[in-house]
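Visitor: Same order as they appear, the protein sequences are chains G and E. Numbering-wise (the numbering used here), the first sequence opens with residue 1 and increments by one. Numbering-wise (the numbering used here), the second sequence opens with residue 1 and increments by one.
Mixed in with the good hints there might be a few duds.
Derived CB-CB ranges, DEER-like [unchecked claim]:
id, chain 1, residue 1, chain 2, residue 2, range
1, G, 174, E, 38, 35 to 43 Å
2, E, 83, G, 206, 35 to 43 Å
3, G, 190, E, 37, 40 to 48 Å
The hints are simulated quantities; they were obtained by calculation from the structure and are not laboratory data. Virtual Cβ for every residue (Gly too), placed ideally from N, Cα, C.
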Amino acid sequence: MSSTQVNEAPARLEWRVATVTSVRDETPHARTIVLDVPEWRGHRAGQHLDIRLVAEDGYEAQRSYSIASSPESASVELTVERIENAEVSPYLCDVLRAGDGLEIRGPIGGYFVWHATLEGPLLLVAGGSGIVPLMSMLRHRSRTAAGPHTPVRLLYSARSLADIIYKQELDAVAGTPNSDIAFTLTRSAPSDWNGYRRRIDRAMLDEIAWPAADGARAFVCGPTPLVESVASLLVDLGYAPERVKTERFGPTG
Amino acid sequence: MQTEDMRLDGNAAGGTLADVFVPEMTAARLTCSGCGITRPMGTLLEYGQTMGLILRCPGCNTAMLRMVRARGCLRIDVSGTSFIAVNEGVATV
Chain G
1 MSSTQVNEAP
11 ARLEWRVATV
21 TSVRDETPHA
31 RTIVLDVPEW
41 RGHRAGQHLD
51 IRLVAEDGYE
61 AQRSYSIASS
71 PESASVELTV
81 ERIENAEVSP
91 YLCDVLRAGD
101 GLEIRGPIGG
111 YFVWHATLEG
121 PLLLVAGGSG
131 IVPLMSMLRH
141 RSRTAAGPHT
151 PVRLLYSARS
161 LADIIYKQEL
171 DAVAGTPNSD
181 IAFTLTRSAP
191 SDWNGYRRRI
201 DRAMLDEIAW
211 PAADGARAFV
221 CGPTPLVESV
231 ASLLVDLGYA
241 PERVKTERFG
251 PTG
Chain E
1 MQTEDMRLDG
11 NAAGGTLADV
21 FVPEMTAARL
31 TCSGCGITRP
41 MGTLLEYGQT
51 MGLILRCPGC
61 NTAMLRMVRA
71 RGCLRIDVSG
81 TSFIAVNEGV
91 ATV
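Isolated chain G (complex conformation):
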């Protein structure tokens, strides 16, 4: 058996120290952190990392953050939404600098993952920073030979235009074949906005989602109420529950 086969025994998940190689602001509330992880063995689109911060008095805080980068990328990128008065995300968004170390373990997850060789069209539904693992899937789709053959539709709900993470990159994806991207803004929208302007509802999913008969795979990620509402609406529209994969993002970040 060659060492590159994927059916080798899984390695134990250990904490290790990654180095921040750069940071960049995506929106006023979200920052991408580029990491160099020693002995990184790659990841699958949709997986996350656990991050552990330890205070001087020994107090520990641990959170999960989705990987934004493509599995084909050499670096590991996280995009973190800054949540006011939270324990971890303000440190990651305001304090962490290039050259700093960051204690991580991962990649983690085998349920909320997608690979370009899976058959069936792809439906991605994101709320807020729930776009992050879905961006990894879109990047993976763009960078593999099989990927562009998978038709994709993304519905992304954000508070305002400025809160849309990866806006330019998503607009570029929307200009490629087999790719439809729709935004809905729930709090404020420019006067000339021609996208949706409300929370995701059944009528919106009726317009955007692949018909159930197309056998699409749906990935839904965002705040718990959005994820549960969208998943249940998709099942109402005829999606098989096992074709609707969900990941809830918490408000505690």
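Starting from the known structure of chain G, arrange chain E on it as the hints suggest.
Guide: Relative to chain G, chain E alone:
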């Protein structure tokens, strides 16, 4: 305080579960001893993370798996789970 909006799911428990289980567990299928329905770990509802976690059945709310870490000991109660199936040969990468 835990509100319904604060619950996460089994995906967020993947790292903590790796303290006990070697294979990737969010894709493992667990059978609820309350209602008998089998679902992937990633779909279970997760409450709490500081001292430990509880994973509940999204159908009948049975506590299927509880983990508590205290004084250097990890305690796990799986009395709410009657069966666990894990795919072999599925790498984490």
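Visitor: Does each hint fit the structure? Answer for all of them.
Guide: Each hint, compared with the structure:
no.: 1; hint: 174(G) / 38(E): 35 to 43 Å; verdict: holds (38 Å)
no.: 2; hint: 83(E) / 206(G): 35 to 43 Å; verdict: holds (38 Å)
no.: 3; hint: 190(G) / 37(E): 40 to 48 Å; verdict: holds (46 Å)
In summary, this structure violates none of the numbered hints.
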